[in-house]
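Listed below, chain by chain, are the residues.
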Amino acid sequence: MSSPSSEPNKPNKQPAGTSNRGSVVVVVEGPGDRTRRPRRPNIPRPWPKGESPGKKKPTEDKKPSEEQKPPEEPPQPEKS
Amino acid sequence: MVPPPLVRGLTLCDYAIVDQRTGKVSLIGTFVQMFEDSFPSVPRSFCAFIALTNGQGDATVELVITELETDEEIEREGASVTFPDKLTEVQVIFQLKGWSVSSPGWYSVSVLVDGEAIASRPLQASSTEEGS
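Line by line, the protein sequences are chains E and P. Each residue of the first sequence is one higher than the one before, starting from 88 at the first, in our numbering. Each residue of the second sequence is one higher than the one before, starting from 194 at the first, in our numbering.
Derived from the structure by calculation, the hints contain no laboratory data. Be careful, since some hints might not be right.
Stated by the list, open to error - In silico DSS-like links for lysine-lysine, alpha-carbon gap of 30 Å or less:
hint, chain 1, residue 1, chain 2, residue 2
1, P, K290, P, K217
2, P, K217, P, K279
3, E, K100, P, K217
4, P, K290, E, K100
Stated by the list, open to error - In silico contact screen, one side only, chain E against chain P (beta carbon under 10 Å); selected entries:
hint, residue
5, P102
6, T105
7, S106
8, N107
9, G109
10, S110
11, V111
The C-beta atom is built at its ideal place from N, Cα and C for all residues, glycine as well.
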C-alpha cells in the first residue's frame, strides 16, 4: 500500500494541493511609493571600497584626486 | 494600458499573509467599516488586496483613498507591476501604515491602472458613540 504523500518529495516536484504560484503577488509597503524609486541609488561612493564612512581614520587626509589616481607602474626597460 | 485590466477583487483587511511555499495570500480580518473613539483617529495600519487580470505588459497600479464629502484625496500609493499575459492574475497588496481618519464619514477606496480608475469601494468611518 503506497500513497503519494509517503513518497519522498523531489526538489522540483510541485506538492499536491492548491497553490497560488500561478499568480503574481506584489506587496507594496506604505506610506509613499517606494516601488518607483531605485532601492540602491547609483551614487559613487566617496570612500574607498571596503571601508565605511564612519570608520574613516583621521590620519587619512588624502585629497580626493590623489585617491582616485591609479598606482603608477614603474617604467619597463626597453627590450633590445 | 488598453484595454485596462479587469478587477477580480478589492478587499480591505487588517493583515495579509503571503505563504512563501505556496504563494497563497491569506486575508485576515476583512472589514468595510471603521469605528473610532475620536477624530482625527489614532493611526492605524491595514491592507488593501487587489486582484487584477486581463492585463498585458507593464502598468502602474495605484490605490487612492478619497474623502467623499470634500472630494479630497487623502492617500495615494502606487506600484509598478508587470502582467506576464492576460490570463495571469496579478495580486497587489498595499500595506497602509499609520493611516489616520480625519473625520467621520464616507471614504472611497479606488484602484487606478495607469491613471484610469477601474474599481472602487466605499469605506465608512464612524464614531464609536454612533455605532451599536
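Results for each hint:
no.: 1; hint: P/K290 to P/K217; result: holds, 22 Å
no.: 2; hint: P/K217 to P/K279; result: holds, 20 Å
no.: 3; hint: E/K100 to P/K217; result: holds, 17 Å
no.: 4; hint: P/K290 to E/K100; result: violated, 38 Å
no.: 5; hint: P102; result: holds, 8 Å
no.: 6; hint: T105; result: holds, 7 Å
no.: 7; hint: S106; result: holds, 5 Å
no.: 8; hint: N107; result: holds, 4 Å
no.: 9; hint: G109; result: holds, 7 Å
no.: 10; hint: S110; result: holds, 4 Å
no.: 11; hint: V111; result: holds, 5 Å
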